[in-house]
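Work out the full structure, taking the sequences as your base and the hints as a guide.
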Amino acid sequence: MFKNGAGFSSPLTYSATLADGNNLPSWISFDATTKIFTITTTAIQTATVKLICTNNLSNNKTQEFTVSITNNQPNVASSMGTVTHEDNRTYTETFNLAQVFQETDPNQVLTFSLVSFPAFVTATISGSNILTVTSFPSSSDVGGTHRVQVLASDSFSSRLDILTIVVIENTPPTQPVGLQTSITGYEDTQNYTA
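Counting from 1, position 131 in the sequence shown corresponds to residue 131 in this note's numbering; the numbering is continuous, with no gaps.
Hints listed in this document are in silico derivations from the structure and should not be mistaken for laboratory results. One or more of the hints may lead you astray.
Stated by the list, open to error - Here are the computed distance ranges between Cβ atoms for each label pair:
| id | residue 1 | residue 2 | range |
| --- | --- | --- | --- |
| 1 | 11 | 108 | 36 to 44 Å |
| 2 | 98 | 57 | 33 to 41 Å |
| 3 | 157 | 38 | 17 to 25 Å |
| 4 | 48 | 84 | 52 to 60 Å |
As the list claims (entries may be wrong) - Calculated lysine-lysine pairs in the BS3-like style (CA-CA distance at most 27 Å, straight line):
| id | residue 1 | residue 2 |
| --- | --- | --- |
| 5 | 35 | 61 |
| 6 | 61 | 50 |
| 7 | 35 | 50 |
We put the beta carbon where it would ideally sit given N, CA and C, even for glycine.
Structure representation (C-alpha coordinates):
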(Lines of atoms letter the chains of each structure in order from A and count residues from 1; the text may use other names and numbers.)
(Lines give C-alpha, C1' and ligand atoms only; values in the text may rest on other atoms or scores of the structure.)
Protein backbone atom coordinates (compact mmCIF):
# COMPACT_ATOMS: atom_id res chain seq x y z
CA MET A 1 0.00 0.00 0.00
CA PHE A 2 1.08 3.59 -0.53
CA LYS A 3 2.17 6.06 2.15
CA ASN A 4 3.11 9.73 2.35
CA GLY A 5 6.65 10.82 1.74
CA ALA A 6 8.84 12.12 4.54
CA GLY A 7 7.45 15.32 6.05
CA PHE A 8 3.99 14.93 4.51
CA SER A 9 0.86 13.89 6.38
CA SER A 10 -1.93 14.78 3.98
CA PRO A 11 -4.69 12.19 3.53
CA LEU A 12 -4.37 9.83 0.61
CA THR A 13 -7.26 8.88 -1.62
CA TYR A 14 -7.53 5.73 -3.68
CA SER A 15 -9.23 4.78 -6.91
CA ALA A 16 -8.97 1.92 -9.38
CA THR A 17 -9.38 1.44 -13.11
CA LEU A 18 -8.24 -1.02 -15.70
CA ALA A 19 -4.65 -0.56 -16.82
CA ASP A 20 -5.85 1.20 -19.97
CA GLY A 21 -7.85 3.72 -17.93
CA ASN A 22 -11.26 2.20 -18.59
CA ASN A 23 -13.67 1.45 -15.78
CA LEU A 24 -13.36 -1.80 -13.87
CA PRO A 25 -15.44 -4.66 -15.30
CA SER A 26 -18.67 -5.58 -13.55
CA TRP A 27 -17.06 -8.56 -11.82
CA ILE A 28 -14.45 -6.40 -10.02
CA SER A 29 -15.42 -3.71 -7.52
CA PHE A 30 -13.23 -1.48 -5.35
CA ASP A 31 -14.15 0.18 -2.05
CA ALA A 32 -12.00 3.32 -1.80
CA THR A 33 -12.70 3.67 1.93
CA THR A 34 -11.69 0.16 3.00
CA LYS A 35 -9.28 -0.24 0.07
CA ILE A 36 -10.71 -3.70 -0.60
CA PHE A 37 -11.28 -5.26 -4.02
CA THR A 38 -14.21 -7.65 -4.40
CA ILE A 39 -14.23 -10.17 -7.24
CA THR A 40 -17.40 -12.02 -8.21
CA THR A 41 -17.36 -14.09 -11.36
CA THR A 42 -18.71 -17.30 -12.87
CA ALA A 43 -16.42 -17.30 -15.88
CA ILE A 44 -12.73 -17.69 -16.63
CA GLN A 45 -11.45 -14.16 -17.10
CA THR A 46 -8.34 -11.99 -16.82
CA ALA A 47 -8.00 -8.27 -16.15
CA THR A 48 -5.07 -5.95 -15.44
CA VAL A 49 -6.03 -3.47 -12.74
CA LYS A 50 -4.42 -0.12 -11.95
CA LEU A 51 -4.59 1.15 -8.37
CA ILE A 52 -4.17 4.93 -8.11
CA CYS A 53 -3.14 6.78 -4.95
CA THR A 54 -3.51 10.57 -4.90
CA ASN A 55 -2.50 13.15 -2.26
CA ASN A 56 -4.04 16.55 -1.62
CA LEU A 57 -1.66 18.15 -4.13
CA SER A 58 -3.10 15.88 -6.84
CA ASN A 59 0.16 14.01 -7.10
CA ASN A 60 -0.39 10.33 -7.66
CA LYS A 61 1.32 7.00 -7.80
CA THR A 62 0.00 3.90 -9.50
CA GLN A 63 0.47 0.18 -9.17
CA GLU A 64 -0.75 -2.44 -11.60
CA PHE A 65 -1.60 -6.08 -10.99
CA THR A 66 -3.33 -8.84 -12.91
CA VAL A 67 -6.43 -10.69 -11.75
CA SER A 68 -6.80 -14.13 -13.34
CA ILE A 69 -9.79 -16.41 -12.78
CA THR A 70 -8.76 -19.98 -13.56
CA ASN A 71 -10.42 -23.34 -13.20
CA ASN A 72 -9.54 -27.02 -13.09
CA GLN A 73 -11.88 -29.41 -14.83
CA PRO A 74 -13.67 -31.90 -12.59
CA ASN A 75 -11.72 -35.15 -12.31
CA VAL A 76 -12.95 -38.69 -12.90
CA ALA A 77 -11.89 -40.28 -9.63
CA SER A 78 -13.42 -43.71 -10.20
CA SER A 79 -14.78 -44.37 -13.68
CA MET A 80 -18.03 -46.30 -14.06
CA GLY A 81 -16.18 -48.61 -16.46
CA THR A 82 -17.69 -51.53 -18.38
CA VAL A 83 -20.39 -54.06 -17.50
CA THR A 84 -21.62 -57.11 -19.42
CA HIS A 85 -25.35 -57.83 -19.73
CA GLU A 86 -27.12 -60.78 -21.36
CA ASP A 87 -30.08 -60.19 -23.65
CA ASN A 88 -33.64 -60.65 -22.37
CA ARG A 89 -32.60 -60.18 -18.76
CA THR A 90 -33.05 -57.19 -16.44
CA TYR A 91 -30.04 -55.58 -14.78
CA THR A 92 -29.74 -52.66 -12.39
CA GLU A 93 -26.49 -50.78 -11.78
CA THR A 94 -26.05 -47.93 -9.27
CA PHE A 95 -23.25 -45.40 -8.95
CA ASN A 96 -22.60 -42.62 -6.45
CA LEU A 97 -21.62 -39.81 -8.80
CA ALA A 98 -20.02 -37.87 -5.95
CA GLN A 99 -17.47 -40.70 -5.85
CA VAL A 100 -17.19 -41.13 -9.62
CA PHE A 101 -16.25 -37.45 -10.07
CA GLN A 102 -14.10 -35.14 -7.95
CA GLU A 103 -14.06 -31.33 -7.74
CA THR A 104 -10.61 -29.89 -6.98
CA ASP A 105 -11.39 -26.17 -7.00
CA PRO A 106 -12.49 -24.46 -3.77
CA ASN A 107 -16.02 -23.12 -3.44
CA GLN A 108 -17.23 -25.10 -6.45
CA VAL A 109 -20.09 -27.60 -6.40
CA LEU A 110 -20.60 -30.28 -9.02
CA THR A 111 -23.93 -30.87 -10.71
CA PHE A 112 -24.66 -33.99 -12.74
CA SER A 113 -26.71 -34.61 -15.87
CA LEU A 114 -27.38 -37.46 -18.28
CA VAL A 115 -26.15 -36.83 -21.81
CA SER A 116 -27.33 -39.99 -23.58
CA PHE A 117 -28.17 -43.66 -23.05
CA PRO A 118 -29.46 -46.51 -25.26
CA ALA A 119 -33.15 -47.19 -25.84
CA PHE A 120 -33.16 -50.37 -23.74
CA VAL A 121 -31.89 -48.45 -20.70
CA THR A 122 -33.74 -46.38 -18.13
CA ALA A 123 -31.39 -44.00 -16.32
CA THR A 124 -32.09 -41.52 -13.52
CA ILE A 125 -30.04 -39.34 -11.16
CA SER A 126 -31.49 -38.85 -7.69
CA GLY A 127 -31.26 -35.75 -5.52
CA SER A 128 -28.48 -37.46 -3.58
CA ASN A 129 -26.47 -37.89 -6.81
CA ILE A 130 -27.09 -41.61 -7.18
CA LEU A 131 -27.20 -42.78 -10.80
CA THR A 132 -29.49 -45.77 -11.33
CA VAL A 133 -29.23 -47.61 -14.64
CA THR A 134 -31.78 -50.33 -15.42
CA SER A 135 -31.36 -52.27 -18.65
CA PHE A 136 -33.30 -54.93 -20.53
CA PRO A 137 -31.42 -55.55 -23.78
CA SER A 138 -32.99 -57.58 -26.57
CA SER A 139 -31.40 -60.02 -28.97
CA SER A 140 -30.93 -57.20 -31.48
CA ASP A 141 -28.58 -55.50 -29.01
CA VAL A 142 -26.25 -58.50 -28.82
CA GLY A 143 -22.75 -57.83 -30.06
CA GLY A 144 -23.06 -54.09 -29.61
CA THR A 145 -21.29 -51.75 -27.25
CA HIS A 146 -23.69 -49.28 -25.69
CA ARG A 147 -22.89 -46.18 -23.64
CA VAL A 148 -24.51 -44.27 -20.80
CA GLN A 149 -22.89 -40.82 -20.74
CA VAL A 150 -22.92 -38.64 -17.61
CA LEU A 151 -21.67 -35.06 -17.39
CA ALA A 152 -20.30 -33.44 -14.22
CA SER A 153 -20.20 -29.63 -14.29
CA ASP A 154 -18.99 -26.83 -12.04
CA SER A 155 -19.42 -23.10 -12.70
CA PHE A 156 -16.73 -23.10 -15.37
CA SER A 157 -16.24 -26.47 -17.05
CA SER A 158 -17.43 -30.06 -17.38
CA ARG A 159 -16.13 -33.61 -17.51
CA LEU A 160 -17.73 -36.68 -19.10
CA ASP A 161 -17.65 -40.25 -17.84
CA ILE A 162 -19.11 -43.25 -19.64
CA LEU A 163 -20.66 -46.50 -18.45
CA THR A 164 -20.13 -49.01 -21.26
CA ILE A 165 -22.63 -51.87 -21.55
CA VAL A 166 -21.55 -54.89 -23.59
CA VAL A 167 -24.52 -57.10 -24.53
CA ILE A 168 -23.97 -60.81 -25.06
CA GLU A 169 -26.32 -63.66 -25.92
CA ASN A 170 -28.22 -65.27 -23.08
CA THR A 171 -27.21 -68.91 -23.68
CA PRO A 172 -29.56 -71.45 -22.06
CA PRO A 173 -27.96 -74.14 -19.91
CA THR A 174 -27.05 -77.44 -21.58
CA GLN A 175 -29.55 -80.27 -21.00
CA PRO A 176 -27.88 -82.95 -18.87
CA VAL A 177 -27.60 -86.46 -20.29
CA GLY A 178 -30.60 -88.53 -19.18
CA LEU A 179 -30.12 -91.52 -16.92
CA GLN A 180 -30.57 -94.91 -18.56
CA THR A 181 -33.37 -97.18 -17.40
CA SER A 182 -32.08 -100.28 -15.70
CA ILE A 183 -33.68 -103.20 -13.92
CA THR A 184 -31.74 -104.57 -11.02
CA GLY A 185 -32.22 -107.63 -8.99
CA TYR A 186 -32.59 -107.93 -5.24
CA GLU A 187 -29.57 -106.55 -3.40
CA ASP A 188 -28.01 -105.41 -6.70
CA THR A 189 -26.31 -102.02 -6.57
CA GLN A 190 -26.21 -99.57 -9.47
CA ASN A 191 -24.19 -96.37 -9.52
CA TYR A 192 -25.06 -93.46 -11.80
CA THR A 193 -23.23 -90.31 -12.68
CA ALA A 194 -25.35 -87.39 -13.88
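Do the hints match the structure? See the list:
1. Hint check: residue 11 to residue 108, Cβ distance near 41 Å, so the stated range 36 to 44 Å holds.
2. Range check, residue 98 to residue 57: Cβ separation about 59 Å, and the 33 to 41 Å hint is violated.
3. Separated by about 24 Å at the C-beta atoms, residue 157 and residue 38 satisfy the suggested range of 17 to 25 Å.
4. Range check, residue 48 to residue 84: Cβ separation about 55 Å, and the 52 to 60 Å hint holds.
5. Between residue 35 and residue 61 the alpha-carbon distance is near 15 Å, which keeps this suggested pair within the 27 Å criterion.
6. Pair hint residue 61 plus residue 50 holds up; C-alpha atoms about 10 Å apart against a cutoff of 27 Å.
7. The straight-line distance between the Cα atoms of residue 35 and residue 50 is roughly 13 Å, inside the 27 Å bound, and the hint therefore holds.
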